[in-house]
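Engineer: Spelled out, the chains give:
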Amino acid sequence: MDKTNNRAKPQINGEGVAKAVFSALAAFSVIVVFGIIFFILYASVPVFQKVGFFKFIFSDVWNTDAENFGVLPLIVGSLCLTSLSVLIGGVIALFIAVWMVYYCPKWLKKPYEQLINLLAGIPSIIYGLFGYAFIVPAFTNAFNLADKGFMGTGLLSSTIILSIMIVPTIASVAKNSLKNVPSNYYEGALALGCTKNQAVWRVLVPSAKNGILAGMILGVGRAVGETMAVQMLVGGANAYPSGLFVPFSTLTTVIVRDMGYAGELHTSALMGSGFILLVFVLILNLLLLLTRRGKIAGNHFFTRRINENNVIEGMRSYRRAGSAQDVLWIISWIIAVIMAFILAFIVLFVLINGLPHLNSEFIFGESTNRHSSLSPAFASTAMLIFLALAIALPLGIGAAIYLNEYAKNGPFVKTVRIFIDTLAGIPSIIFGLFGLLFFVKACNFGYSIIAGGITLALIILPTVIRSTEQSLSEVPDSMREASYALGAGKLRTIFKVVLPQALSGIITSIILSIGRIVSESAALIYTAGSSIYMPTGFKSKGSTFAVMIYRFMAEGTHTDEAYATAALLMFIVVFINAMVTLIEWLFKRRKKV
Amino acid sequence: MKRRILTFVICLAIGIVSMGAFAGCAKDEVTVITLSGSTSMTDLMEALAAEYEDAHPEVRIEVNQGGSSVGISDTKAGLNDFGLASKAVPEADGVKGVQLCLDGIALAVNKNCAVNEVTNDEVFDLYMNRTPIQNTITTAIIREGSSGTREGFNEKIKDADGKDIKSEYSNSYGTAGWNEQSSTGSVIALLQSNTAAVGYISLGSLLANTSTLKALKFKAYGADEYVEATTQNVLNGSYQLQRPFTIVLSTTHELSPAAQGFYDYIMSEEAQAIITKEGCVSTYGQNK
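Those sequence lines, one after another, are chains A and B.
At position 208 of the first sequence the residue is numbered 1030 (my numbering), and the sequence of numbers has no breaks.
At position 102 of the second sequence the residue is numbered 177 (my numbering), and the sequence of numbers has no breaks.
No lab work stands behind these hints, which were simulated from the structure alone.
Using N, Cα and C, we set each Cβ at its ideal position, and we do this for glycine too.
Don't take every hint at face value.
[Unchecked claim] Cβ-Cβ distance ranges computed for the label pairs, FRET-style:
no., chain 1, residue 1, chain 2, residue 2, range
1, A, Ala1264, B, Tyr340, 37 to 45 Å
2, B, Ser245, A, Ala960, 36 to 44 Å
3, A, Asp887, B, His328, 26 to 34 Å
[As the list claims (entries may be wrong)] Only pairs whose alpha carbons sit at most 25 Å apart, straight line, appear in this in silico SDA-like list of lysine to any residue:
no., chain 1, residue 1, chain 2, residue 2
4, B, Lys151, A, His1380
5, B, Lys352, A, His1380
6, A, Lys1361, B, Asn187
7, B, Lys292, A, Asp969
8, A, Lys877, B, Lys292
9, B, Lys186, A, Glu1086
10, A, Lys877, B, Tyr244
11, A, Lys877, B, Ser325
12, B, Lys241, A, Lys1361
13, A, Lys1263, B, Ser325
14, A, Lys1263, B, Ala152
15, A, Lys970, B, Ala152
16, B, Lys352, A, His1193
17, A, Lys1318, A, Lys877
18, A, Lys970, B, Glu133
Take the sequences, apply the hints, and build the full model.
Structural biologist: Written out as structure tokens, the structure is:
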């Protein structure tokens, strides 16, 4: 930073200070990522020392009374669950992406996109509730598991839920990279005599290979860090997933299972499990970085392939393969329709089970030990949103301003971008552990809305930065130049000219963040605690709707309340999704005028 | 038009946010009593708390779950007003236990399960060696390591030489790989959907769910007859799967006045009706 100051020599005025502040805000993401890595590593050191690092990783004995901790079964569990889910979810997502880009009738495109967005917006705790209340009993009956000594929990049910959950993540990335394939590829293929299906499956999909791969890696990241949806479905035994219905645990579910009562070394072992997860996620982020290198949908790869092949040979194989591509076309239709049905089923299942129990007494009544109500959840959620936005908006907008208005493409900016992406890829359970270690314990906030709100601010920070930066970059340079020409300084230009134009991105990011906060549960359990009472201030505990669902589910005897809360949460999520669409539509219209 | 919608959206956003800010200023003249520990005791304590709160609107009682060992460790660390443990707590390390009442540990199965009575050996073989009980019950559901119910169960179930699971097998079921649940409620939920599984839960919780679950008659190690899991049999000692519900107090700190008030209430004669109603076994007049 000294260097830049020297170059711009005379300024120690407002402009210089502002630049320093903005770059500091941008660098904040780097600090957060390192902070998270450091704290979780620090907290897992005791178990590495006492048990031994290699014994911790390669032993399969987990006995809390004997203080033996080995996470090998958990690692195997996480890997099996993740790879199966990404395999299934990835294939489904690929078909859906292809279908949405090439086969979807025009009038259906927007609604279907909404549907996939909704699938992404459903809180993971609701997926968990659905799996636990529908899939587990359904499997028990369907496969007659009771006689075989199983419960319906295990690899199969958790894989199914997880595959559904990661479809939107993979599909949206794959869709974008399919859209980016130059249209002359398609036209060229048609001109060579391909049918539409042949062109799509033999030319366009291979060209989007890199993007699809990136989507898969994102999906792996999402799947390996998923906690709340699978924690009731895996069965929770300390064992290898040696069969489809054998109860097992993963790196994340063991944390939820044991953290509530863990003693000192046990807590450290759970942190160690979180640390291993974090290492996985960091490796995935590196892989993602590598795939992003070849930025435009891998077209150099495709050209090389054309040159290598004998054209006539290739043509003939296209023709002969025609029927195969037609089958793929039919499959993609089937999968797209099935996915719509699955979503409708989940939504209806929750609503049908929840709405009858949703009365005004339960929503607005006073919450006591006699019957807990949801009114504290309204207040806690609002307080958490307020706090998280109050922290994340200035930080995020400042960082976005730096990245878009000040930064030149140097190593500092590259690093910052990498770290923002990394932050976005860290699973919420890790944020939860970090919040527990840093805000709850080190800062001595206790389980409180403050601790929860700050943790949430870190979670939504990447969304705010990206969304703001995106809309800042869409502001035409001519506006900035006009402002300078009228004599305005850089700072004035940013705040008076550029930011108002970028309002759409900021508002979208606010609503997306609210959606994220409303559906968050894993990070909040360890930071904001859980309580049935109305919060009395930012220092008291508070449960959001998602945490309330978890609470009701864990108590087991309050399933009706869990459904009712889930139904209400579902309405909120639909409302938030509608808001995002509305705002995007509004600003698009304004831009056209 | 679009401007109006935009204004509406912004107003809404500001509304939500300021609601959050103001919600922070809600009433705060109430005193909070925090209890934590055994999940088996949650229902009982919530019922007692509800009754007490009716008479004392200035008091709020928070019952946090976690398991019996959390109840003890939280009390040691001063994180609660008093702890809850579903096992006997000897006086040590700055805490002491006072018995609130007795509770049976029911071997709960689905109401449609064909099995009605089990012996100690059958239960031991199922839990440790996966040997089905009467070729019908093939699965067991266990609780997490901090559970007082798990400890109580493991103390009472013995192998052929009369050695119990807790002391002889370090409180664990070896490599049997059972479904592990961290609350009484989630065990109940699983049992409701499976007719070939057994789980150990508090008798009080079982009695609250008799429409879907039933308790097995149990023949203890060395005993000669099957005994039904009822509160009378717990009280007269013939049903051996039982343990005390214990209030964990710190020996170094006095209870706060509010907590003392609630403590006095739950130990009073007045509270016994609720204890009995919740399916627990009142021992009023025998302890203290």
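Engineer: Next, verify each hint and record whether it holds.
Structural biologist: Status of the hints after comparison with the structure:
1. A:Ala1264 x B:Tyr340: 37 to 45 Å: Holds, at about 38 Å.
2. B:Ser245 x A:Ala960: 36 to 44 Å: holds, 37 Å
3. A:Asp887 x B:His328: 26 to 34 Å: Since the Cβ atoms of A:Asp887 and B:His328 sit about 28 Å apart, the hinted range of 26 to 34 Å holds.
4. B:Lys151 x A:His1380: Between B:Lys151 and A:His1380 the Cα gap is close to 31 Å, so the pair fails against 25 Å, i.e. violated.
5. B:Lys352 x A:His1380: holds, 19 Å
6. A:Lys1361 x B:Asn187: violated, 48 Å
7. B:Lys292 x A:Asp969: holds, 22 Å
8. A:Lys877 x B:Lys292: violated, 44 Å
9. B:Lys186 x A:Glu1086: violated, 40 Å
10. A:Lys877 x B:Tyr244: holds, 22 Å
11. A:Lys877 x B:Ser325: Distance ~38 Å between A:Lys877 and B:Ser325 Cα, so the pair is violated.
12. B:Lys241 x A:Lys1361: violated, 41 Å
13. A:Lys1263 x B:Ser325: holds, 23 Å
14. A:Lys1263 x B:Ala152: At roughly 14 Å apart (the allowed maximum being 25 Å), B:Ala152 and A:Lys1263 satisfy the hint.
15. A:Lys970 x B:Ala152: Violated. A:Lys970 to B:Ala152 sits at ~45 Å, over the 25 Å cutoff.
16. B:Lys352 x A:His1193: holds, 17 Å
17. A:Lys1318 x A:Lys877: With a Cα-Cα distance of about 60 Å, the restraint between A:Lys1318 and A:Lys877 is violated, given a limit of 25 Å.
18. A:Lys970 x B:Glu133: Distance ~54 Å between A:Lys970 and B:Glu133 Cα, so the pair is violated.
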